[in-house]
Each structure stands twice: as C-alpha cells, then as structure tokens.
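Q: Sequence:
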Amino acid sequence: MATTAELFEEPFVADEYIERLAWRTPGGGSRGGEAFDPKRLLDEFVNHIQELQVMDERIQRKVEKLEQQCQKEAKEFAKKVQELQKSNQVAFQHFQELDEHISYVATKVCHLGDQLEGVNTPRQRAVEAQKLMKYFNEFLDGELKSDVFTNSEKIKEAADIIQKLHLIAQELPFDRFSEVKSKIASKYHDLECQLIQEFTGAQRRGEISRMREVAAVLLHFKGYSHCVDVYIKQCQEGAFLRNDVFEDAAILCQRVNKQVGEVFSNPETVLAKLIQNIFEVKLQSYVKDQLEEHRKSDAEQYLKNLYDLYTRTTNLSSKLMEFNLGTDKQTFLSKLIKSIFISYLENYIEVEIGYLKSRSALILQRYYDSKNHQKRSIGSGGIQDLKERIRQRTNLPLGPSIDTHGETFLSQEVVVNLLQETKEAFERCHRLSDPSDLPKNAFRIFSMLVEFLCTEHIDYALETGLAGIPSSDSKNANLYFLDVVHQANTIFHLFDKQFNDHLMPLISSSPKLSECLQKKKEIIEQMEVKLDMGIDRTLNCMIGQMKHILAAEQKKTDFKPEDENNVLIQYTNACVKVCGYVRKQVEKIRNSMDGKNVDTVLMELGVRFHRLIYEHLQQYSYSCMGGMLAICDVAEYRKCAKDFKIALVLQLFDTLHALCNLLVVAPDNLKQVCSGEQLANLDKNILHSFVQLRVDYRSARLARHFS
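If you read the sequence shown in this note's numbering, its first letter stands for residue 125, the second for the next number, and so on.
These aren't lab readings, by the way, just hints derived from the structure by calculation. Careful, some of the hints might be misleading.
Below, simulated BS3-like cross-link-like pairs (lysine-lysine); rule was C-alpha separation at most 25 angstroms, straight line [said to hold, decoys possible]:
1) 428 to 443
2) 766 to 701
3) 420 to 406
4) 671 to 701
5) 189 to 204
6) 428 to 564
7) 621 to 644
8) 443 to 453
9) 671 to 769
10) 462 to 420
11) 459 to 357
12) 481 to 547
13) 564 to 643
14) 420 to 481
15) 547 to 643
16) 708 to 769
17) 808 to 795
18) 495 to 481
19) 680 to 599
20) 412 to 357
21) 412 to 443
22) 644 to 547
23) 645 to 481
24) 397 to 382
25) 462 to 397
26) 766 to 712
27) 564 to 547
28) 720 to 645
29) 712 to 701
30) 671 to 763
31) 763 to 679
32) 763 to 680
33) 720 to 766
34) 357 to 453
35) 462 to 357
36) 397 to 453
What follows is a list of derived Cβ distance ranges for each label pair [to be verified]:
37) 718 to 368: 46 to 56 angstroms
38) 459 to 650: 44 to 54 angstroms
39) 413 to 714: 53 to 63 angstroms
Since we're looking at a predicted model, the values are computed, not measured. Glycine included, every Cβ here is placed at the ideal spot set by N, Cα and C.
Construct all of the structure, not just a fragment, from the sequences and the given hints.
A: Below you can see the structure in the form of structure tokens.
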C-alpha cells in the first residue's frame, strides 16, 4: 500500500498513473533488456486494484467518522450560540435599565444646577453691585482708597471697574451727580491714557502678549480706535527709508499681517485701516509730488510718471489682495486707488491727445527741417477737389511738375517714432482709462495716428511724389515715384501691424471696432487710388523714355540698308538701349512692390511696351535684310520680355515675332505662314498691315500671293 501511495502524485493524471505502475512492474515493459510479460503485468494490475479497493474502504470509513464528528461539533456550537444570545439579551436589558437610571440622575443634576445657578447668579450680581457701590462711594467721597485704584499693577481690574462705573454714571441725573460723573470720567480718561501708553511701550519693546492683553482691555473703551491709530503710526516708523515707497509699503503690510492677528481680536479691520492710512497719506503725498512737478511744464514726463505710478499702485493692490481685509477687499482697494488718482484720470485723455498731437507735429517738422523742405499746402476746397476729380478720371498732371531731387519725403525713422509714441499712448490708455471710456479713448488716439502718419506724412509724400512725376514726353526724366511706393508699402505694413497688435485688443468688443475698421478702409482706398495713379503715370513716363530712345537711335536705313550684303550688326542700337532701359525698370518694379502687385504692374508695363514696339515697327519699310534685322530686334525684345515672367507679355512678343516673319518670307509661302499656329487667329488687317511694310509689296507677284 505504501508503494501504491507513492504512485499518487499531484496533480493526479490517470494515464500517467498507469504508466508509472507498469514501469515499476518487472516484465511490464522493455526495461533493462527484460522481456515483456503480460501475465505478470495482469497479475500486478489485479493485485493493485484489490489494494486500491482496500484503501478506498479505509478512507471511506475515515470520512464517515469525520462527518459524524463534524455534525456533533456543529450541534454543540449551535447550542453555545443560543446560550450567548440569551446572555446578550439579558445584558442589553440591564444596559437599558442603567441608561434610564443615568438619564434620571442627569436630569436631577441639571435641575439642581439650574436651582444653584438661579441662587448664585443674583448673589454674584449682588456682590458685584456691592463692590461697584463701594467704589462709587469712594468717588462720592473724593478719595480713592481701594488697592485696585492705587496699585499700578492692577490696572486691568481698575479698567474693568471704571468702565462699568462710567456706564452707570451716564444714567445718573447731571444736576445731583455732576461732580461724581466728572470724577469718574476723569479717571476713565486717565486709565485710558495709561492703557494706551502701556500698549505703546509694549509695542516698542516687542512684547506681543502684553500688547494683546492691553488691546483686549481697551476693546471696551472709547479710545480703542486711538489704540489702533497708535499701533498704525508706530508700525510705519522707519518703514519708508528707501526710494521705493511701493516696495516699502508691501514689506510693511507683509510684516504687520503676521503680527496683527496675535494682538487684536479684529485683525482684518486693523490691517485695512493701516492700508488705508498708507494709501491716503504716504502714497497720495508721493504721487502728488511726482505728478504736480511736471503737470503743466512737461506733458511727456507727466504722462510717463502717471502711467508708472498708477501701474505700481495697482501692482501693490494685487499683492495686498492676498491678505484678509474683510468681505469686499477688491472694492475697498479700488476705492483707495481711485481716491489717489481721480483728479489725474478725469482729464487724462485730453492731456494724452494734446501731447500726442504736439509730439507728432514736432517729429514731422524736425524731419522736414532736416531736409530743408518747406511743406507745401496740399489744399482743400472747391478748386482742389475739382482738380482731384479731373486727375482721377483723366490721369493728367494738373499744375507744374515739382523736382523732388529724388527725395521721397518718407522716413522709416519718423514712422517708427510716430508708431512708438502711439504704442505708448495705447498702453497708457489701456491702463489709465475707465473701462467704459477705453474704446472711445483708443479711437481718439488712433485718429491722431491716422492724421499725422497717414495724412500728414504718407499722403503728403504721395501728393508730392505725384507732383514730381514728369510728363510722359519729358526727356531723361528721373522716376522716383516707385521709391515712394516701396517705402509707403513698408510703412503701411507697420501701421497695419500696430492696428492689429495694439488697437484691436482695446476695441474688439465695442461698437468702435466697426468705426476703426471703416476709417482704416477709407485710408487704404485713398492711398491705393493715389498709388495707382502715380504708378500709371510712371509707366507712361517709362514708355515716353522708350519713345525718346527709339526716336533718337532708330534710323530708317536700319531696316532698308543701302548695301544688303554688308550688314554686320545682330540688332540695332535702338533695340540695345531700349532693352537695357526696360530691364532696369523691371528690376526697380520688383524691388519696389510685393505680392500680386508686382505681376499686375509688370503686366501693364509689358502690354504698353509691346504696343510701343508694335507701333514703332509700323513706321518703317523693310527690305529683305532689314526684315531679318527687325526679326533680330524683336527676338531681343522677346528675350527682354521673359524677364517680366508674365505669360501674356511673352505671348504678345511671340506673336509679334511671328508677324515679323512676314517681312522676310518668300511670296509663295505667305499664305502658309499666315495660316500658321501663331497667326491664324489674328485679324487679316493686322497681317496685311505688316505685309505692306515690305519694300517689294508693290510687286504684282507679292500682291497676288497675299490677296
């Protein structure tokens, strides 16, 4: 059986159990060369089954025994639990009885206490009244004999007695007790002064516990507020020795905040009174000294000081918000700040606008003086408006041209100065304006910027630049208006950035937003009209310069040479000079503009350039060799047109180049060339006009082929 037990291993698997049994049986397998003996293995299995049956019976008997034992113990346990439950019920009943008895005794004790208190309270009052009558008699006799009044160490008890006597004396008729009332009042006042002196001395010695005791006694006296005033005054002694009164105030309040709770029963009231005293005395005096000095003499310094002082005061207020000052400390601190600055903030925006106006005018005047330029009056009214309307519709220069000597009268330094002044004004406006007035005040500052930057500087420069553009038939004209365009564009980007960065946050949620946007839109449109007008006239001048070059350099013999066999040039001198001039102007346009404006202006110049060359070529007759030279010129013009990087312009010159082929093609091939890809869509009159330029056009053969 021991062997059988060894075969049971955890976890039990029947197949493995049979394998192990067979392996342990001699002849049960091929172990050690042993022959397999099925009979022995069968006998072993039969014996092992019998052993397992015996083991099963024994285990079954053991299980039955354990079950019987378990049932017996369960019955005993149930019986014990029932007994415990009965004991618990008895104990609970005893507890209830005890609780009822305790409640009864407690009720009796409370009743007895109430009876004792009912007897003792009148007795205590009677004793206290007797003592007060005794002390009152001393005041009647005019001689204070009690130790409580003569012993300085019992000042606390004396204060309590005199405070009560003072209340009683106030109820007595004046005619009979005037003398004793005055004596009590005098003693009341003397004790009050002694207590305040004691508090002052304790504060100087740093005795917090003594300060707390005296303050508790004084709490019931009329002079308690004077005690607080003394405390506040002494706190500030030596606290404002540095130049930074705001930092000193913050440090003082931080120190007092830690101490005031240990001394007074109402620390938030005392701390609030200290802060009020600092604001109404120290800060108000400091602010007045700093501002009144410059208020009438130096507006710039006055505004800077006002902004700085107001900012530092509000920062101090933010620090003080950490302390317990009562229920509505935000309103309390706001009123203190308002009381200091109200006289300065009422007319702040008028001072701001006045300073901004004078400062902006001075910046502009200094700039024009540095250029030795007397600013012209642009003018307004009926005649000027009429001229402006005529000029906008006809693009004609009205009045004499002005030589600006290449000066644009635009300065980034001036612009930066104006924008910086306005930026500072916006910052002051944001800080110093009442929230309800902020959008309106910001709009007024913006209007000043528009007046001096846009109207007095940019618009004046555009007007001067327009007046400085020469007429289109001027020779060797210097064109500076593109420089004006370039600088005006840069300046307006800066103007737009300030509009978005500094003005928009101030007006974004107010009706003034639409007003500002409309004003900005009008300014942009006015400037765009003048810029477009100036660019158009500048392009006309460029074309005029090209005309002068062509008129001076192009000769009739260029395209009808006397010796057809001795032409050595690749293209004419006029073509070389025109292309050189055009390339310079294209580069200048690219440097002066940005974005889509570059392509728009270059397209317009390219179209006009093409029209000029087209009309120019129509003025000459062409021999065969001259036609080849014209084709070379147009090829050079086309190469120049590639610099424009505009598809339309290049297409126009490609077509013109194809038209020039009509000047040299053999008469038999004219129809084929005209029906080619580039010329097929052109009007027949245009084709005919080019064919007519050939010197052999009159020949019957050519006329017959082209008809």
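Q: Among all the numbered hints in the text so far, which are the ones the structure does not match?
A: none
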